[in-house]
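Take the sequences, apply the hints, and build the full model.
Residue numbers for the sequence shown follow this note's numbering, so the first one is 50 and each next one is one higher.
Calculated from the structure, these hints are not laboratory results. Since the structure is predicted, the reported quantities are computational estimates derived from the model, not experimental observations. Fair warning: there could be bad hints in the mix.
[What the hints assert, rightly or not] Within a straight-line C-alpha distance of at most 27 Å, the following computed DSS-like cross-link-like pairs (lysine-lysine) qualify:
1. Lys135 <-> Lys203
2. Lys157 <-> Lys172
3. Lys135 <-> Lys111
4. Lys203 <-> Lys172
5. Lys135 <-> Lys157
6. Lys149 <-> Lys135
7. Lys111 <-> Lys157
8. Lys111 <-> Lys149
[Stated by the list, open to error] Each pair of labels, with its calculated beta carbon distance range:
9. Pro165 <-> Thr118: 35 to 43 Å
10. Pro115 <-> Asp173: 40 to 48 Å
11. Leu201 <-> Lys149: 18 to 26 Å
12. Ala174 <-> Asp120: 36 to 44 Å
13. Lys149 <-> Glu199: 34 to 42 Å
14. Pro115 <-> Thr200: 34 to 42 Å
15. Glu199 <-> Pro134: 18 to 26 Å
16. Asp173 <-> Asn146: 24 to 32 Å
17. Ser142 <-> Gly229: 22 to 30 Å
18. Pro179 <-> Ala121: 29 to 37 Å
19. Thr200 <-> Gln116: 35 to 43 Å
20. Thr118 <-> Thr200: 38 to 46 Å
Ideal Cβ positions, reconstructed from N, Cα and C, are used throughout, including at glycine.
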Amino acid sequence: MHDQLPQDSAQNHQRPRRTAGRDAHPEDQRLTRRCLVALAAAAIALAIGPGGGAAAAERSGKFADPQPTIDAPRRIVISLAEDDPKRINAVLSNIVNIQKYYDAAQVKLAVIAYGPGIAAVLKDASPAAPRIESLQALEVEFIACGATLETLHKTPADLLPDVHVVPNGLPEIVERSLGGWIHLRP
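Below, the structure written as structure tokens:
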């Protein structure tokens, strides 16, 4: 016969519930982001339509070797150094276009905000916070220049959620470029 746990003891041994969103466990956030990337890729494929396969095959033939793959994506670092809302939104639109062209799963994007561009990732100043959050859900990395934050007397707590801080934005771009990332200044 099986030993049975008392009702209250069984409840104490239940797995704790994990929350969704920003309060979620990091492992759950990564899984959620992977699912979102897969859903975005599926949505793009559906939007392309029945002839999309031919268009994608034609486009993939134009990629330089080595071809981008999920395991070896294109790595692109993007400068954001202006605080004009039109320019910020134009840069974010370029990111969306890059993801559509390569397929979100075949490109890794990082945006480095420095100088006046830091406004894009500040909680109290960002003219594009919802767009940035949606791009973060698709695994676009947003990075703030620590030197600019210091100059503005701001801290990481003043940033939008999930924005990382590096000591200095320009050397971060240099180091990523030397590590094989392509630097774009849209």
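Taking the Cβ atom of Ser142 and the Cβ atom of Gly229, is their distance within the range 22 to 30 Å? 25 Å, holds
Keeping to a limit of 27 Å between CA atoms, is the pair of Lys111 and Lys157 held or broken? Holds - the C-alpha atoms of Lys157 and Lys111 are around 19 Å apart, at most 27 Å.
Next pair to validate is Lys157 with Lys172; report whether the Cα-Cα distance is within 27 Å. Holds, at about 24 Å.
Would you say the C-beta atoms of Asp173 and Asn146 sit inside 24 to 32 Å of each other? Because 29 Å falls inside the window, the suggested range holds.
Are Ala174 and Asp120 spaced within 36 to 44 Å by their CB atoms? 38 Å, holds
Tell me if the straight-line CA distance from Lys149 to Lys135 falls inside 27 Å. 21 Å, holds
Hint check: Lys135 vs Lys111, CA-CA at most 27 Å. Holds or violated? Cα-Cα ~31 Å, so violated.
Is 38 to 46 Å respected by the C-beta to C-beta distance linking Thr118 and Thr200? 40 Å, holds
Is the Cα-Cα distance between Lys111 and Lys149 27 Å or less? 15 Å, holds
Could you tell me whether the CB distance from Pro115 to Thr200 stays inside 34 to 42 Å? With Cβ atoms ~40 Å apart, the hint holds.
Between the beta carbons of Pro179 and Ala121, is the distance compatible with 29 to 37 Å? 31 Å, holds
Distance restraint hint 34 to 42 Å, applied to the beta-carbon atoms of Lys149 and Glu199: At 36 Å between Cβs, range holds.
Figure legend: structure checked against the earlier numbered hints; hints not met, in rising order: 3, 11.
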